[in-house]
Each structure stands twice: as C-alpha cells, then as structure tokens.
Amino acid sequence: QKEVEQNSGPLSVPEGAIASLNCTYSDRGSQSFFWYRQYSGKSPELIMSIYSNGDKEDGRFTAQLNKASQYVSLLIRDSQPSDSATYLCAVKGGYNKLIFGAGTRLAVHP
Amino acid sequence: EAEVAQSPRYKITEKSQAVAFWCDPISGHATLYWYRQILGQGPELLVQFQDESVVDDSQLPKDRFSAERLKGVDSTLKIQPAELGDSAMYLCASSLSQDYGYTFGSGTRLTVV
Chain A
734 QKEVEQNSGP LSVPEGAIAS LNCTYSDRGS QSFFWYRQYS GKSPELIMSI YSNGDKEDGR
794 FTAQLNKASQ YVSLLIRDSQ PSDSATYLCA VKGGYNKLIF GAGTRLAVHP
Chain B
9 EAEVAQSPRY KITEKSQAVA FWCDPISGHA TLYWYRQILG QGPELLVQFQ DESVVDDSQL
69 PKDRFSAERL KGVDSTLKIQ PAELGDSAMY LCASSLSQDY GYTFGSGTRL TVV
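Chains as they are written, first to last, in the working numbering: chain A, 734 to 843; chain B, 9 to 121.
Chain B with its partners taken away, still in its complex shape (with noise of 0.2 Å):
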C-alpha cells in the first residue's frame, strides 16, 4: 500500500536552532498537508500545496517557519529559529482530490530543550 514517507522521526533539538522536516507524498497526490499538533489536541493545518503552490499558509508563524514544495512533489517544512512552544508532532499529509480523506505519514516528533 502507498505510503507517505516523512523524515526524520524523532528529533531534538536546542532552542534557537534550525530545524528541517521532509515529505514525500503518495505518488500522483497533487495537495500536500502540514499539519501540527500538539499532545491533546487536534492537529493543525499549517499549510497546504496545491503542486508546487501555496494554496493556504494562514496559520503558518511565517517568521520562523518556512515551507516549500519546489518541483511539486516532495516537500520541506523548516523552523528557524526554534522555540520550546514548537515542541510537538509535525505530520504531512497527501490526498488525491477533494473527495477523499487525506493519508498521513507517521510523522515527526519535535522536542525542543
């Protein structure tokens, strides 16, 4: 079965730091998710591609963290520089069209000291 692929899957790094999150979506998955969340709660859409395109980065701290899906395909999310509140599990998710749920990868879980 199609996987979404996301590395690395554990990752701990220091406050002030950088930080970088890839994704490689299902093949032919043309919308791109990054989602957040925190323990206890939901995730959170970060943003979303559409191809190479940002289609919605509307909660996106955009003066820390950056993402980018520069061919269309595969994807970076990157945090810079990092704080103790980003401390949470980052997931990337892909979907075929509007019809369909979204398949999630198995994420990366972000600590923060």
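Chain A with its partners taken away, still in its complex shape (with noise of 0.2 Å):
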C-alpha cells in the first residue's frame, strides 16, 4: 500500500464547476497535510495547508480534513481552464519530510 494515494485522472469538469479532488493516506499518526497544484514542466506550488479536522477556506479553495478515515479533499469551486494542472496530495511524516502522492490530473473544459 502505497503511504499516500490519489487517483490519477484525469478528472474532466466543466467550467464553472466544482472539482473535487481526493486523497487517502495510510500513517495514522500524521498531522499536517498539503494541496499543491503543478503545471506541465513547472515545479509544485503550495496552494492549501490544514491540520485540524474539518475544513478551511481560501478563496475558491476548500481543504477537507478527516483524521479518522485518513482521508484529505480539495474542493475547487467556480473551476477555471488555468487550474487545470496536476494537483499533488502530501502528507508530513518522519523527520519532517512531505510525502507526495503520484497527483491527479485536472482538466476543465469551456
């Protein structure tokens, strides 16, 4: 079992939707997790953080958090072509070090 999983896509909605992205992990004991979002050939770029249960806001942004089911969402709402990309669930472990999933490709249609 991989330690954090994604499905990798891709993930086609149409603009102005809402994209909903997944993530399970597998170490009980982690406490922070991330959404970075990378484009083709460019490096990842941090887009949320959260660590409590439950969710956190930012723009159109939403992060989910549920510790119990070891599971971390990323809600997209009002889905635009510039956020198609990949989006790279990671998970803070040992030593401090992120550990990524393989990603999730997003794709939004006009």
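These are computed hints drawn from the structure, not numbers from a lab. Relax, there's no trap hidden among the hints.
In silico lysine-lysine, DSBU-like type, Cα no more than 30 Å apart, as pairs:
1. B:Lys70 to A:Lys775
2. B:Lys86 to A:Lys735
3. B:Lys86 to A:Lys775
4. A:Lys775 to B:Lys79
5. B:Lys19 to A:Lys775
6. A:Lys735 to B:Lys70
7. B:Lys23 to A:Lys775
If you're wondering where the values come from, they're calculated on a predicted model, not measured in any experiment.
Combine the two chains into a complex, taking the hints into account.
Okay, here's the thing in structure tokens:
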C-alpha cells in the first residue's frame, strides 16, 4: 500500500463547476497535510495546508480533512481553464519530510 | 517574494558522465530538501538537510549520488556516473519550520542520453 494515494485522473470538469480531488494516507499519526498545484513542466506550488479535522477555505479552494478516515480532499469552486494542472496531495511524515501522492490531473474545459 | 534558486534549469548529459545541480534556499530557511520527480509520478525525497547536517538520505542512491550543504546555506547534488534512469526533474525545496509547507525552486530537468 502506497503511503499517499490519489486517483491519477484525468478528472474532467466543465468551466464553472466544482472539482473534487481526493487523497488517502496510511500513517494514522500524520498531522499536517498539503495540496500543491503543478503545471506541466513546472515545479509544485503550495495552494493549501490543513492541520485540523474539518474544512478550511481560501478563496475558491476548500481543503477538507478527516483524520479518522485518513482522508483529505480539495474542492475547487467555479473551476477555470487556468486550474487545469496536476494536483499533488502531500502528508508530513517522519523527520518533517513531505510524502507526495502521484497526483491527480485536472482538466477544466470551456 | 522570496524564492528558492536552482540552476541549471535544463541539463542534457551523456550516460556515465558526471552532473551537478545547485540550490540556494530562501534566506533563513534552515531545512533544505532535494526531491526527484519522474514524469507521471509524485516527487520523492532524496535527501534532507537541517543546516549543514543530513537528516534523512535513506532514499539517496549513495553509490552514484552525493549531496552537500557545507555552510548550511546553498547545496549541491551530484550524480556520477549518470544513468538513463536518472532522467527526471530534480527539485530543491526549503522550509521555515515543520509547521509550514515547502517552497520549491523551479527545478532542474535532467535528460540522460
């Protein structure tokens, strides 16, 4: 079992819709969770962090965390073509290192 | 906005040659990470420094890879000899503390031919 699992996609949504990206992790002791966006050929860019159960909102982005279910999600409201990218879920493990999932490719079509 | 500097952006090298990458973290960030990202996969940690000390290099192929951060500021990652399977994006990141996510540099795209 991989430490951080994501559906590889692609997830295709129409412009203006809500995109829902999901991630599960194996280490029950994990406390810090992050979502990165990565455009093709570019480096990952941090968009959200979440540490407590529940929802955290930042503009069009909402991160959701359920530690009991070992589940993290990212919702993107009013999706735009510019949101088309790969979204990486990352979980902080031992020695403060980030463990990444393989990413979910999101395609927002006009 | 402060950035993590990496060079070169792109590198093409022949198999069995040596190659080196450089990284300068954000000023004040004591923790520096080198990640490797193979196309279609998530980044995988190669080595982590706290100041000048290696904290974790368990995934670093030590027969061919080496990393140093002599003065606890900038860092160099070296591969010798390069193999075809080393073709990937090499990402450097730094972090202020364990409560924050990382800031990544622009990466070095390595192609081994």
